[in-house]
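Q: Using our numbering, you'd call the opening residue of the sequence shown number 517 and step up by one each time.
Check before you lean on any hint, since a few could be wrong.
Estimated spans, in silico, between C-beta atoms of each pair [unchecked claim]: (1) 562 to 535: 29 to 39 Å; (2) 519 to 540: 12 to 22 Å; (3) 563 to 536: 12 to 22 Å; (4) 541 to 567: 24 to 34 Å.
In silico EDC-like links for lysine to aspartate or glutamate, alpha-carbon gap of 16 Å or less [claimed, not checked]: (5) 529 to 547; (6) 523 to 547; (7) 523 to 533; (8) 550 to 534.
Because the hints were derived from the structure by calculation, they are not lab data.
All figures in this text were calculated on a predicted structure; none of them were measured in a lab.
Beta carbons are placed, not taken as given, at the ideal position from N, Cα and C, and that holds for glycine.
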Amino acid sequence: MTRPTRKCPICGKPRAEDHAPFCSTRCRDRDLVKWLDDGYALPGPAAEIDEEGLPGRDLPQDE
């Protein structure tokens with residue numbers, strides 16, 4: 517029994533073992549750039565904002 521051919525997650529072409537799970541260096545690099553540019557996000561609860569801990573809160577205001 518043979519395994520089904522897996523496809524590149526970027527372009528859908530059959531993947532190459534040298535670049536697994538991608539088909540080429542180009543698709544591998546495109547995926548890396550997407551990670552570095554915050555193109556991917558993991559779901560989770562919204563972060564709470566602590567306004568008292570923000571920088572500049574203790575500075576006097578200009579009048």
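Q: Holds or violated: are the alpha carbons of residue 523 and residue 547 at most 16 Å from each other?
A: 14 Å, holds
Q: With respect to the beta-carbon atoms only, verify the hint that residue 519 and residue 540 lie 12 to 22 Å apart.
A: 21 Å, holds
Q: Just to be careful, I want the Cα atoms of residue 529 and residue 547 compared with a cutoff of 16 Å; is the pair within it?
A: 15 Å, holds
Q: Can you let me know if the beta-carbon spacing of residue 562 and residue 535 is within 29 to 39 Å?
A: 36 Å, holds
Q: So the hint says 24 to 34 Å: do the beta-carbon atoms of residue 541 and residue 567 match that?
A: 46 Å, violated
Q: For the pair we were handed, residue 550 and residue 534, check the Cα-Cα distance against 16 Å.
A: Violated: residue 550 and residue 534 sit about 21 Å apart, past 16 Å.
Q: Take a look at whether the Cβ-Cβ distance between residue 563 and residue 536 falls inside 12 to 22 Å.
A: Violated - the Cβ-Cβ distance for residue 563 and residue 536, about 35 Å, lies outside 12 to 22 Å.
Q: Within 16 Å, alpha carbon to alpha carbon, are residue 523 and residue 533?
A: 11 Å, holds
Going through the hint list in order, the structure does not satisfy hints 3, 4 and 8.
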